[in-house]
Amino acid sequence: MPSLNNLFGFLQDWISGKLSGFLPPWGVTLAMMVITIVALLLFLVVTVMYLTYLERKVLARIADRLGPNRAGPLGIAQPVADVLKLIVKEVIVPARADVPVYFLAPVVMVAPALLPYAVLPFGPRMVPADISVAVLFVPAVTSITTLALLMAGWGSGNKFSLLGGLRAVAQKVSYSIPLLLAFLAVVLVSGSLSLVRIVEAQASYPFLLAQPLGFIIALICCVAEVNRSPFDIPEAESELVAGYHTEYSGVGFAMFFLAEYIGMFTVSAMLAILYLGGWHGPLLPPYIWFLIKVYLILCVMFWLRGTFPRVRVDQLMNLSWKVLLPLSMVNVAVVALVDKLGLRLGFLPGLVAGLVVMAVAAAVLRTRRRARAAAAARPAWQVREA
Amino acid sequence: MLRTETLSINVGPQHPSTHGVFRMLLTLDGERVVDLKPYFGYLHRGIEKTAEQRTYVQNVPFTDRLDYICGMSNNLAYALAVEKLAGIGPIPERAEYLRVIMAELTRVVNHCVAIGFLLNDLGAFFTPVLYCLRQREYILDLFEMASGSRMTPSYIRPGGVVEDVPPEFIPAAKKVVAGLPAFVDELDQLLTGNEILMARLQNVGVLPPERAIAYGVTGPVLRGSGVAYDIRRAEPYSIYDRFDFDVITEPGQDAYARFLVRLGEMRQSARILEQALAQIPEGPVMAEGVRRIRPPAGEAYARIEAPKGELGFYLISDGSPNPYRFRVRPTSLINLQALRDMCVGHLVADVVVILGSIDLTMGEVDR
Numbered sequence: 000m001p002s003l004n005n006l007f008g009f010l011q012d013w014i015s016g017k018l019s020g021f022l023p024p025w026g027v028t029l030a031m032m033v034i035t036i037v038a039l040l041l042f043l044v045v046t047v048m049y050l051t052y053l054e055r056k057v058l059a060r061i062a063d064r065l066g067p068n069r070a071g072p073l074g075i076a077q078p079v080a081d082v083l084k085l086i087v088k089e090v091i092v093p094a095r096a097d098v099p100v101y102f103l104a105p106v107v108m109v110a111p112a113l114l115p116y117a118v119l120p121f122g123p124r125m126v127p128a129d130i131s132v133a134v135l136f137v138p139a140v141t142s143i144t145t146l147a148l149l150m151a152g153w154g155s156g157n158k159f160s161l162l163g164g165l166r167a168v169a170q171k172v173s174y175s176i177p178l179l180l181a182f183l184a185v186v187l188v189s190g191s192l193s194l195v196r197i198v199e200a201q202a203s204y205p206f207l208l209a210q211p212l213g214f215i216i217a218l219i220c221c222v223a224e225v226n227r228s229p230f231d232i233p234e235a236e237s238e239l240v241a242g243y244h245t246e247y248s249g250v251g252f253a254m255f256f257l258a259e260y261i262g263m264f265t266v267s268a269m270l271a272i273l274y275l276g277g278w279h280g281p282l283l284p285p286y287i288w289f290l291i292k293v294y295l296i297l298c299v300m301f302w303l304r305g306t307f308p309r310v311r312v313d314q315l316m317n318l319s320w321k322v323l324l325p326l327s328m329v330n331v332a333v334v335a336l337v338d339k340l341g342l343r344l345g346f347l348p349g350l351v352a353g354l355v356v357m358a359v360a361a362a363v364l365r366t367r368r369r370a371r372a373a374a375a376a377r378p379a380w381q382v383r384e385a
Numbered sequence: 000m001l002r003t004e005t006l007s008i009n010v011g012p013q014h015p016s017t018h019g020v021f022r023m024l025l026t027l028d029g030e031r032v033v034d035l036k037p038y039f040g041y042l043h044r045g046i047e048k049t050a051e052q053r054t055y056v057q058n059v060p061f062t063d064r065l066d067y068i069c070g071m072s073n074n075l076a077y078a079l080a081v082e083k084l085a086g087i088g089p090i091p092e093r094a095e096y097l098r099v100i101m102a103e104l105t106r107v108v109n110h111c112v113a114i115g116f117l118l119n120d121l122g123a124f125f126t127p128v129l130y131c132l133r134q135r136e137y138i139l140d141l142f143e144m145a146s147g148s149r150m151t152p153s154y155i156r157p158g159g160v161v162e163d164v165p166p167e168f169i170p171a172a173k174k175v176v177a178g179l180p181a182f183v184d185e186l187d188q189l190l191t192g193n194e195i196l197m198a199r200l201q202n203v204g205v206l207p208p209e210r211a212i213a214y215g216v217t218g219p220v221l222r223g224s225g226v227a228y229d230i231r232r233a234e235p236y237s238i239y240d241r242f243d244f245d246v247i248t249e250p251g252q253d254a255y256a257r258f259l260v261r262l263g264e265m266r267q268s269a270r271i272l273e274q275a276l277a278q279i280p281e282g283p284v285m286a287e288g289v290r291r292i293r294p295p296a297g298e299a300y301a302r303i304e305a306p307k308g309e310l311g312f313y314l315i316s317d318g319s320p321n322p323y324r325f326r327v328r329p330t331s332l333i334n335l336q337a338l339r340d341m342c343v344g345h346l347v348a349d350v351v352v353i354l355g356s357i358d359l360t361m362g363e364v365d366r
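If you read the sequences in order, they're chains A and B. Be aware that the first sequence starts at 0, since it is given in numbering that gives the first Met the number 0, and climbs by one per residue. Be aware that the second sequence starts at 0, since it is given in numbering that gives the first Met the number 0, and climbs by one per residue.
Bound conformation, chain A alone (with noise of 0.2 Å):
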């Protein structure tokens, strides 16, 4: 009797024993390669098909409306209407696009989308590879979309899609820094750059409790690396209709679409690992801890979004540079002060040395933008009543 904890490594012991039986041995690590890299592929898909759905049933719950109810019962078969929709749809291309630019940018948008999953470890057992410096590959991978989006934007032959992928990479790039100053105090205290042994590192308790300043710098950066609300600017639409995809239609808008909410899967995945300690959890079975925590994290983002308006590029800029880039750096010397006076508290330490800095921090901040709004204040000008 297999144990439902085990569910997926039985499934692949089970798979690669009956294959074992007709296949040489490197035909069968290829056969189970090529079985994981399709199981990963389809589960994507179905989730990021249904990731829309969901989030459209919370923004509309937030919004005090229904959400997608025709399609199916609770307008389950939703997903699977707007899927068909943008394959039949014709794809059209501007007359003053570059062609090849074009076509290209889709598909270098979708593929490093994809890659990370060949490290992200949704339980014990369950990782494609586990490889030694899976911290730094899944930003490295993920930022090569920053190159897709400059590509749509430059290839559309559109201005406002010029603005929205010239917004991205400055975006990108900035907001790269802070998150992974926030990664590297997690590795400093886990000791190692594999995720799963970041994951063991939390037995006992999730980072998050440990770190608090760096998981809140770790969340915002990762809502601006995936262009959501409220740091949506690449594709503000009251500003720049849709920014980089405005001239994709078809399956070119869908690869976005695809690789938008994978990454979106994919940060959130990475902060669930990282912070909120994996697959670790009592009862229920590991994968399924690690799902309820990515999809805890991926409801944080539908609430802000339903919720904030969008920041401007400069302040945008302004947050990265001037306030995240120094409280995450703040954040590593904290988290290694602690980690080295080692004071066998577990994660008390931890906990009140980011929050009293947090606390000092949005005094400051506040301070600052009181003197700013007095400065700006100006004398009532009253004319003489009639």
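By construction, these hints were calculated from the structure, which means they are not laboratory data. Errors might be hidden in some of the hints.
Simulated restraints on C-beta separations [unchecked claim]:
#1 ILE86(A) x GLY178(B): 54 to 62 Å
#2 PHE102(A) x GLN57(B): 52 to 60 Å
#3 GLY147(B) x LEU146(A): 54 to 62 Å
#4 THR191(B) x VAL87(A): 55 to 63 Å
#5 LYS84(A) x THR54(B): 48 to 56 Å
#6 ARG133(B) x LEU283(A): 52 to 60 Å
#7 THR5(B) x ASP129(A): 50 to 58 Å
#8 ASP187(B) x LEU40(A): 45 to 53 Å
#9 ALA94(A) x ASN321(B): 44 to 52 Å
#10 PHE102(A) x GLY215(B): 48 to 56 Å
#11 ILE287(A) x LYS173(B): 51 to 59 Å
#12 LYS173(B) x ALA94(A): 53 to 61 Å
#13 PRO250(B) x ILE130(A): 54 to 62 Å
#14 ILE130(A) x THR191(B): 48 to 56 Å
Note that this is a predicted model, so its numbers are computed, not measured. For every residue, glycine included, the Cβ atom is placed at its ideal position computed from N, Cα and C.
Starting from the known structure of chain A, arrange chain B on it as the hints suggest.
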């Protein structure tokens, strides 16, 4: 030195946030606006000219279609102008009260729409606007109850209102008005203190009071520049002198101040509505002997504090049943004049916000 070029982009007439068919030619240096030229006229329907071929009462539906968000207010301004021109009066008390009630409900509708879509322009994905539109629906239901139509009521006519409201109207209106303060508080809590909202609106689209007056800007935009000018106070029409309310001004002169003025005016409208609904008498709703309006030769100008600012109708009569000249003083068009001044030097993202903070309806700009 790097050689740079400015970039010209057309925003509109088909763009998610130009509020109707409106085009701006932006000249950008990077993302900074160097120049802005508004182009309008896409919605020109020749209302002013057509009105010269119709009788005074036949022209009422045209006024609905000027600022189509605020049909009732437009009706009121036009009715006042015709009454002044033809010497119709006195207007029955009940009709005066109904006019004030409708005009103030319209103000709430307009400010709901203005704030909601301003937030949409800011990128708050549809949540605030849907809250606002939900409130607007309640009021549009009232309009439908009274006039049979939600957006083009043609309810306020020269001489009074077209017919009395059904008996269930007053209780229903009281219920809606009782819910208004809570709704405004909800918006207030959701939006006013929001860090991102403040960062996006404060010091954006600054319009100093001297410039505002020089441009002839009126309404919440003018009061957001700190000028306490409200025609309901400055030159009371209808029965506005009987009600207790404050003229809201904000010293900020920026988009945030305009937003705050609109929030405050919704609260004041609720105050006026409470008083009007409590005091409304029974009686006729149309003045005696208003059958066929044939004013003596002459001219008249009547103006009201419409939700967006001063809305005026200038009518010339040559003694025939049709106006010789039918001229609208469109609030939106005149407020639009200040757009370039407010936008130059800001970023692209600010332009749509400033446009939203002025609160235009293209139906009124183009006529």
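*Is 45 to 53 Å a correct range for the gap between the Cβ atoms of ASP187(B) and LEU40(A)?*
48 Å, holds
*For the pair PRO250(B) and ILE130(A), does the Cβ-Cβ distance stay inside 54 to 62 Å?*
60 Å, holds
*Take a look at whether the Cβ-Cβ distance between GLY147(B) and LEU146(A) falls inside 54 to 62 Å.*
With a Cβ separation near 59 Å, GLY147(B) and LEU146(A) satisfy 54 to 62 Å, so the hint holds.
_Distance restraint evaluation - THR191(B), VAL87(A), Cβ atoms, bounds 55 to 63 Å_ = 46 Å, violated
*asked:* Given the hint of 51 to 59 Å, is the C-beta distance from ILE287(A) to LYS173(B) inside that range or not?
replied: The hint (51 to 59 Å, Cβ to Cβ) holds, given that ILE287(A) and LYS173(B) are roughly 53 Å apart.
*asked:* A range of 50 to 58 Å was offered for this pair. Does it hold for the Cβ distance of THR5(B) and ASP129(A)?
replied: 53 Å, holds
*CB of ILE86(A) to CB of GLY178(B), is that within 54 to 62 Å?*
46 Å, violated
_Within 48 to 56 Å: is that where the Cβ-Cβ distance between LYS84(A) and THR54(B) falls?_
Roughly 51 Å apart at Cβ, these two residues keep to the hinted range, so it holds.
*Given the hint of 48 to 56 Å, check if PHE102(A) and GLY215(B) actually sit that far apart at their C-beta atoms.*
52 Å, holds
_Whether the CB-CB distance between ARG133(B) and LEU283(A) falls inside 52 to 60 Å_ = 39 Å, violated
_Does the beta carbon distance between ALA94(A) and ASN321(B) stay inside 44 to 52 Å, or does it fall outside?_
50 Å, holds
*Regarding PHE102(A) and GLN57(B), is the given constraint of 52 to 60 Å on their beta-carbon distance met?*
58 Å, holds
Hints 1, 4 and 6 from the earlier list are contradicted by this structure; the remaining hints agree with it.
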